[in-house]
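J.: Residue numbers (the working numbering), protein chains in the order written: chain A, 1 to 588; chain V, 1 to 92; chain B, 1 to 234.
If you are wondering where the hints come from, they were derived from the structure by calculation, not from laboratory data. Hints are supplied without guarantee of correctness; some may be wrong.
[What the hints assert, rightly or not] Below, computed lysine-lysine pairings styled on PhoX-like, alpha-carbon distance capped at 25 Å:
id, chain 1, residue 1, chain 2, residue 2
1, A, Lys446, A, Lys517
2, V, Lys62, V, Lys7
3, V, Lys67, V, Lys7
4, V, Lys36, B, Lys61
5, V, Lys7, B, Lys201
6, A, Lys520, A, Lys573
Predicted, not measured: the structure shown is a model, and the values here were computed from it.
Residue-level listing of the chains:
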Amino acid sequence: MTTVAATSHVAHAHHDDRSFVRKYIFSTDHKIIGIQFLFVSLFFLLVGGLLAMQMRWQLGFPGKPMPGGGILPDTMAPGGVLLPEYYIQLVTMHGTFMVFFAIMPLLVGVYANFLIPLKIGAHDMAFPRINMASFWSALLAGLIMLAGFFVPDGAPRAGWTSYAPLSARPDLSGASYGQMLWCVSLVFLGLSSILGSLNYITTIINNRAPGMTWFRMPLSVWALFITAILGLLALPVLSGAVIMLLFDQTIGTHFFDPVVGGQALLWQHLFWFFGHPEVYILILPAMGMVSDIIANGSRKPIFGYHSMVFAIVAIAFLGWLVWGHHMFMSGMNPTLGSSFMVSTLIIAVPSAIKTFNWMGTMWRGNLRFHVPMLNAVAFVAMFVIGGLSGIFMAATPVDMFIHDTYFIVAHLHYVLFGGSLFALFGAITYWYPKMFGKLMSERWGKVHFWLTFVLYNLVFFPMHTLGMAGHMRRIYDPTQYEFLKPYQPLNEFISISAFALFAVQAIFALNFILSLKWGKRAPQNPWEDNGLEWSLPAPAPHGNWETVPTVYRGPYEFSSPEVPEDYLPQYRKLPTDREPARAPVAGH
Amino acid sequence: METAHRKHPNYVLIWVYLAILTAIEIGVAFMSHLPKQIIIPALVFFAVWKALLVALYFMHLKFEPRKLLILAIVPLPLAAIFVLAAMSEHVW
Amino acid sequence: MAHATATVDMMHPPAPAERGLDVYNNKLGMWVFLASEVMFFTALIGSYIILRFGAPGEWAKPGVVLNVPVTAFNTFLLICSSVTMVKAYAAVADGQTHFLRFRPFSGGLKFWMLATIIGGAMFVGVQAYEYTHLVHHGFLPSGAREGSEVAELVASGVVPAATIGLYGSTFYTMTGFHGFHVTCGVISMAYLYVTKALRGKYSRHDYRGVEVIGLYWHFVDLVWIILFTIVYLI
């Protein structure tokens with residue numbers, strides 16, 4: 001039985017006759033919502049990048065007028081020279097936009113929405129209108145956050161972690177409305193995330209197609225499921241914290257003000273109790289998608305599928321117990337600190353299991369280095385580096401020296417850029433055909449990958465050195481310290497590499513945008529993959545399937561001896577396959 | 001398929017229990033001659049008892065699939081860990 | 001079956017599926033949402049516990065600043081509304097969607113649901129009254145207003161000065177957000193009552209909305225049970 005004949009069994013849904021507005025603007029279709037998240041999040045990724053470029057100008061060339069700085073008002077950069085007050089706004093907003101409005105929505109808002117119903121065989125999410133509300137809430141949050149730049153006193157200045165009492169007192173931080181808008185924006189973002197999570201969780205539990213048992217789900221879906229649970233339980237804590245901060249700022253409450261009995265450390269506990277699960281939200285979906293891509297690119301089943309699942313669960317579970325490692329230098333109870341050191345060292349283990357499993361998958365595989373595979377393999381390598389630097393931090397005595405230095409900045413960028421963002425470049429390229437019916441250019445994808453990979457390492461690896469030398473975070477002018485002056489050439493080098501890195505992203509942007517119109521028409525299953533989504537035409541139609549497919553096997557049956565092709569889709573029925581154990585029931 | 005239980009628990013009886021427990025709580029709270037170490041655990045105990053009555057009977061958790069009960073319980077240990085850890089700041 | 005999205009939202013989904021949790025989507029979704037609400041109140045109530053445990057001095061004694069008798073009545077009211085809610089659920093599950101029948105006397109969905117809405121609205125009303133009363137006497141989220149009765153209590157030492165600011169902050173935030181949740185519940189329930197219950201859209205075959213709003217309602221009652229104890233009585 002040929003591939004073509006196999007796919008023709010799975011009938012897709014008919015054309016739909018909704019209006020343009022219902023179809024593309026106020027859509028309840030999970031795929032459209034995912035694409036909406038994609039465009040908005042890429043925009044915020046650009047915003048975050050522009051903020052970083054300004055920061056790198058100041059760090060590389062302190063006190064020099066920035067090219068193009070003339071368009072900034074005098075309150076920010078008189079004569080193009082960035083003011084310290086503006087620099088700290090850049091620092092705060094770069095982190096805020098990248099974490100909350102770029103990486104998180106790109107991984108979850110886009111791929112949870114787009115992939116989950118497709119990969120488990122559902123027509124749509126369990127609650128399509130709540131899904132739509134989740135997108136619009138996130139967009140509103142993003143706009144509120146952007147507004148922070150345009151209010152009196154400008155954007156918030158307390159860092160993306162917004163520690164109190166600095167963030168609660170405009171007389172201390174210099175930012176008033178901006179800091180309040182930060183809180184309001186995150187309330188809406190939290191709402192968006194919680195609504196999304198409840199959709200993903202319910203859909204995965206209840207709406208899997210017949211035969212799609214838990215241990216036949218692709219790892220991308222497992223990762224998104226566990227991520228949704230993390231988001232469901234962590235974001236409300238942030239919402240509560242941010243509301244208390246907002247009250248401290250506006251109606252005179254005293255939650256975090258030690259002068260009147262409040263506890264500054266309470267903010268840190270609340271924020272990081274959310275914040276640590278948040279960083280796992282920022283990596284787990286990437287790990288899941290990388291697993292799918294690496295299995296595909298190796299033409300082999302994922303090595304140790306079950307241990308991959310348990311590793312994801314273990315990371316998520318342990319992730320609740322490690323938050324204090326962000327607070328080793330805060331003056332917290334030292335015994336409590338020690339317990340966090342132990343739990344943090346332990347959490348390295350499941351991540352290591354995953355790394356070895358990826359390597360085991362690739363080992364002696366029939367490797368295809370298509371663009372998604374290149375990015376996925378880079379993910380593994382960069383994540384290892386980021387993870388190893390994390391071990392340094394886990395050890396409290398070491399962290400005493402490297403906390404709040406560029407060593408941390410290197411670590412977080414290795415896991416978030418080297419990790420999540422490379423995974424996203426791969427994922428965007430991989431599922432682009434299913435989203436838009438076109439292929440991105442393979443050649444320009446490779447050019448973008450290699451340039452990005454080299455430049456990215458030139459930017460962030462030297463930051464380990466800077467951090468070890470004592471270069472602190474958020475600092476406006478490193479040359480004010482004698483001991484940092486010898487490292488200024490390194491700062492310059494990093495900045496120039498960063499400008500080049502940013503410029504190179506234009507290749508990806510152009511590839512993405514131009515392929516929408518002029519890309520090669522995509523075949524139904526361009527990567528010869530096994531997931532249910534590839535049984536649908538590209539782009540997938542509204543409602544996905546006429547009747548949901550039946551699933552006969554796991555998602556990684558590559559190079560199976562049962563068929564001549566080197567892949568065997570989940571939905572393809574072989575003569576030796578039986579129908580799923582339980583007869584499909586219309587109800588549950 | 002939703003198992004429609006024909007026999008509902010006696011909701012009015014649960015209501016009576018809740019009312020009695022509330023009255024006991026208020027009584028205990030104002031017995032100021034008792035030490036804090038007795039009053040606080042006692043009040044928490046009664047509050048938890050009432051909460052369990054509402055969760056198990058009014059919210060039907062007693063009659064739902066076991067996994068739903070687990071789902072409902074999952075946040076509680078997280079809440080406990082957070083509060084206890086932050087409280088330990090003030091212990092020594 | 002052209003427009004699949006329109007037909008997903010049903011008590012028994014039309015699509016064949018793997019066995020899930022044996023709980024229909026809307027109910028599962030509400031329980032998942034309630035799990036997130038537990039975490040939200042954990043942040044607020046947990047912070048209260050942490051702040052009080054680490055407070056620089058004694059907390060005000062129960063009943064000195066806050067009106068326990070009125071709130072005790074309010075607690076009773078909310079518990080009653082939880083009972084009327086579950087009676088509404090039991091009624092519709094048994095197919096009793098009427099308002100009142102007299103021989104034999106029995107209340108149906110329309111009666112019990114209305115009673116719940118009224119009970120909830122009264123709770124919010126009493127809380128609003130309590131808030132205005134407290135603010136009038138000088139108890140604010142920031143502590144005691146200068147020159148007010150509460151400020152005098154602080155000055156005379158009946159209410160500890162070191163913690164009155166925290167007392168106000170935590171009281172208003174916790175009870176305020178609880179009240180906000182009750183208000184949202186009342187509004188949602190009233191909406192369902194008018195658009196669904198009164199129009200006969202609920203039956204013994206499909207009463208999902210009643211059950212789901214009921215879960216939310218009981219949760220809000222449950223949170224209040226905890227709040228009443230630790231805010232007013234301890």
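J.: Look at each hint and say if it fits the structure.
T.: Tested hints:
A threshold of 25 Å between alpha carbons decides the hint, and for A:Lys446 with A:Lys517 the separation of about 20 Å falls inside it, so the pair holds. A distance of roughly 13 Å separates the Cα atoms of V:Lys62 and V:Lys7; the hinted pair therefore holds under the 25 Å criterion. For the given pair, V:Lys67 sits about 22 Å from V:Lys7 by alpha-carbon distance, which is consistent with the 25 Å threshold. The suggested pairing of V:Lys36 with B:Lys61 holds, with an alpha-carbon distance near 11 Å, which does not exceed 25 Å.
A C-alpha spacing of about 24 Å is found between V:Lys7 and B:Lys201, which places the hinted pair at or below 25 Å, so the restraint holds. With a CA separation close to 30 Å, the supplied pair A:Lys520 and A:Lys573 exceeds the 25 Å bound.
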